[in-house]
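Heads up: the sequence lines are chains A and B, in that order. In this text, residue positions in the first sequence follow my numbering: the first is 84, and each later residue adds one. In this text, residue positions in the second sequence follow my numbering: the first is 84, and each later residue adds one.
Some hints here could point you the wrong way.
Claimed, not checked - Which chain A residues stay away from chain B? Per the calculated CB distances, all over 12 Å, these:
| hint | residue |
| --- | --- |
| 1 | F215 |
| 2 | T220 |
| 3 | P326 |
| 4 | A331 |
| 5 | P356 |
| 6 | I364 |
| 7 | V381 |
| 8 | G524 |
| 9 | V595 |
| 10 | V647 |
Claimed, not checked - If the Cβ cut is set under 7 Å, some of the chain B residues that face chain A in the computed set are:
| hint | residue |
| --- | --- |
| 11 | P127 |
| 12 | F222 |
| 13 | A654 |
Hint data in this document are derived by calculation from the structure and do not stem from the laboratory. Virtual Cβ for every residue (Gly too), placed ideally from N, Cα, C.
Number of protein chains: 2
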Amino acid sequence: MRASRFFISTLKEAPSDAEIVSHKLMMRAGMIKRISSGIYTYMPMGLRVIRKVEGIVREEMNRSGAVELLMPVVQPAELWQETGRWQKYGAELMRVKDRHGRDFVIQPTSEEVITDIARTELRSYRKLPVNFYHIQTKFRDERRPRFGLMRGREFTMKDAYSFDRDLDGLKQSYQIMYDAYTRIFQRFGLQFRAVAADNGAIGGTGSHEFHVIAATGEDAIVYCPNSDYAANMEAAESLPLYPTRGAATQALTKTATPGKAKCEAVAELLQLPLTQTIKSIVLTVEKEATDKVPASKVVWLLMLRGDHELNEIKANKIPGLAGYRFATEQEIVEYFGTPPGYLGPVNTKKPVTVVADVTVANMHDFVSGANEVDFHYTGVNWGRDLPEPLVFDIRNVVEGDPSPDGKGALAILRGIEVGHVFQLGTAYSEAMKATFLDENGKPQLLQMGCYGIGITRILGAAIEQNFDDKGIVWPTSIAPFEVVLCPMGYDRSEAVKAETDKLYDTLLAAGVDVILDDRGERPGAMFADWELIGVPHRVVIGDRGLKDGQLEYQGRRDTEATTVPLADVAAFIKARLVSQ
Amino acid sequence: MRASRFFISTLKEAPSDAEIVSHKLMMRAGMIKRISSGIYTYMPMGLRVIRKVEGIVREEMNRSGAVELLMPVVQPAELWQETGRWQKYGAELMRVKDRHGRDFVIQPTSEEVITDIARTELRSYRKLPVNFYHIQTKFRDERRPRFGLMRGREFTMKDAYSFDRDLDGLKQSYQIMYDAYTRIFQRFGLQFRAVAADNGAIGGTGSHEFHVIAATGEDAIVYCPNSDYAANMEAAESLPLYPTRGAATQALTKTATPGKAKCEAVAELLQLPLTQTIKSIVLTVEKEATDKVPASKVVWLLMLRGDHELNEIKANKIPGLAGYRFATEQEIVEYFGTPPGYLGPVNTKKPVTVVADVTVANMHDFVSGANEVDFHYTGVNWGRDLPEPLVFDIRNVVEGDPSPDGKGALAILRGIEVGHVFQLGTAYSEAMKATFLDENGKPQLLQMGCYGIGITRILGAAIEQNFDDKGIVWPTSIAPFEVVLCPMGYDRSEAVKAETDKLYDTLLAAGVDVILDDRGERPGAMFADWELIGVPHRVVIGDRGLKDGQLEYQGRRDTEATTVPLADVAAFIKARLVSQ
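Please put together the full structure from these sequences, using the hints given.
Shown next, in the form of structure tokens:
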């Protein structure tokens, strides 16, 4: 590509609404252009990156045996009503009426359409397994779109949906996708981690997220440096920090802690470690009356060590707690006889269901609220002072916690979620009656998996991981161009023009994605543009070097340029491209 | 590709809502799947064709110097309000509100967004000319979607928009696109014609349509077999059929023609040729009052030869007639003193503006209505019986009319419009204040052109032109696969499997897009599938042939198979592919 036949538009300053580095740099490098909140035009420079990302995804999906199709952007509400998501999806689902008043959605995801296709096309076990994928525009009407392509409203995703005859088949299809995703992210040249994620009903190893590692990532990734254990914060298991429960050594004592409602303040006042205090969280589960069961309300008390935080996803998986909400102040007064601040499991006013975190269950002589303003109990002991609790893992792990696989201490990284593989099971096939006939002619529900990659989000994530003060530093495989040729005086020096054109033709013929900057910019502006845009390899062709038969090469991460003999430069660049 | 790793789904019968052959065959060949009225999933087999069409379009657009970007599907109403199309576009424009109640459209076309980009990005003459294009999903809420991909609601188009500093530049950009389109349609392997089209305000040669020739086409294409003259019916110029006007030889005579309101009936009754009769069409132009001008109503009488038809587009271009409507019966009675049926230019009750078609203007001794039920005038002559009229070309040409370039008689073909190139001029840049600064720092309006290709429509048009009773006959360049290998007993015969695999690998290595049918279908079903799907080249590998060292080749249009020596088959196929 010659720059004069391309469109390059760089900015010195990012617009003020760009908050994070990837958004700022994409705007400055002319990769995207804002049309409306969370809606962007992908400008020529940005589109090239998107196409490279799509290309790698497509190749690896095809290699895995998945088959590409293309489902529509505008989808009829009827299908979404069948699964109940028309009602449940909430305001992020963009709804639209056609000229006849019929309801449609602008697709945020395509489980309904693919299941509709499956129930008519996959009628026999002979058609299974199959994995359909598409790369399509999506729309999610985010309340607060921001961060450029990281949290836009219109964006591009690759979605794949596998169909199998049974759970074993699903697990195989899932593993194939897991492996394909691993190859895809390796080929992107990004540091990433696949982490176990929560997948609600199915459980087990039925869900993994793929995160690009970046200090600015929104998500916490938990991993063990000594093993391959990795999970997101929602799914990372916390083990009891005490192997067994110690015996009681203190009497239960009501202690004045005036004005000290927080664990930290109580520990400081009583000169005890924070790890001896207990945090109380009150939750309510309300059920509406049905034909058979009257309405009910159960209040739960969840107990965490003073330095730990509740994991709301884990809490929601405790039998009976699904769909909980935090208790109101009125409910707390009703059940504990006191407003929030000094709550505890001992001497509640009305019975509550007590859940202790696995670590709390092994504590002894601990401190908790006394259900009376300005008072705590010290020396609280299970069995003696209060009944044995229900015990569950209900907290977020922290750095240094033991790894669930017993192979060391956990570490925590920040990540950006860019991929997700998920065993759906029969959730959609049941709702939409998607069955196939087995060998005996008996209808069976299709076992489904779904697998997403945020194509446009990859751009943001790649930049968050790879930038410096000059601009973007693209990995070669997804850079808009692999190599830029910067001639010094292309229009002034015949020698420079001749050697530049020759090198350009040589690289093109070798299949290198090269851009020749023939815009006639000054060297400083030219270099600044290409450093901002982030092309990973640069060759400078100038009269001075040519006199000695030399060109100047600099990798985007190199601190200095390298002199390369003219005759070797093509081979030199090809070697560099391969090594990346 | 191995068929076992692809998705093939054929039907014996097309669904009953498929009216035209391309729709029926695409459904039967499993290329598309209906999700809602006018909304389809492109199934794997159909998507392959779409990708090939897109690939050719993209290559030729890039070759022409156009630069690809991608504008969003969901676009803010504000931009559409600037050009007034938010109000004017009508019910085909799918409007949608976001969660905050802000208005958006699902794009049917992107002039507004590209002009918005241009006014911020093309601020200097140095950035011009430039031609941006994208290949994107569109939505038009058709009142009656039908014909599969030919008139769907969601579809894919390539749209390009050129920006130039002046009209000369626009004409150059336009010619470059015209040439690119010609290459594109040639590479599709389709019979097509570029025809001059009407382009309203700009006029001249500012618009061409590209039509795929097909007997089932919706549009009439007018051309001269002896020259390169071609136009669509709206734009095709009709010359006077009489070089000069003959002198009057008959007296004006009021003649009883009881019950004969139509020209054909009058001619038969009076034993005159139909070409001596005149057809009268009454139009009304109403203008609302403004500050300066009171409301007005003008009634026009348009006169055509009895065997000719009005061209409404041409009528709309007559000065003063723009925005006309057909007159009401009440208006006709008011101006002609009689209800419709026996109208004519002589003895109207109130004055009307008379327009004669160029042919009518040279007629003499003609027959027209007498403005009295059951009576006509014969022997009507201009000047003597009524004033000289305004003269315009207002009719559709018919087969055999003289070509406007004087090179013979016109012929008419049926076509399907699949491309359109159009000189927009400053219509959008004016409305949206899209200017650039010229060398003198003076702001100038951008001159725009727009250029569309209906990507998904191409599939329908290609099939309408290329099918037989067995199914689709794809041109090789856009076929889902170029070659299909049909082994007879792939799983039973080791020799068949070995030779098939070898040939498959050889063809793949040679870059041939080949599918190996390893599904284990019976030969009859296998052949029927591939004939229906329309793969242009088929090789059959069987034990019987292999004994003699031979395979069987059959082109999709061939009536018989050809025997080819095993050793030559790869070269034979490659030669066939090149020759297509």
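Requested in this report: Determine which of the earlier numbered hints do not hold for this structure and return their numbers in increasing order.
Outcome: Failing hints, ascending: 1, 2 and 13.
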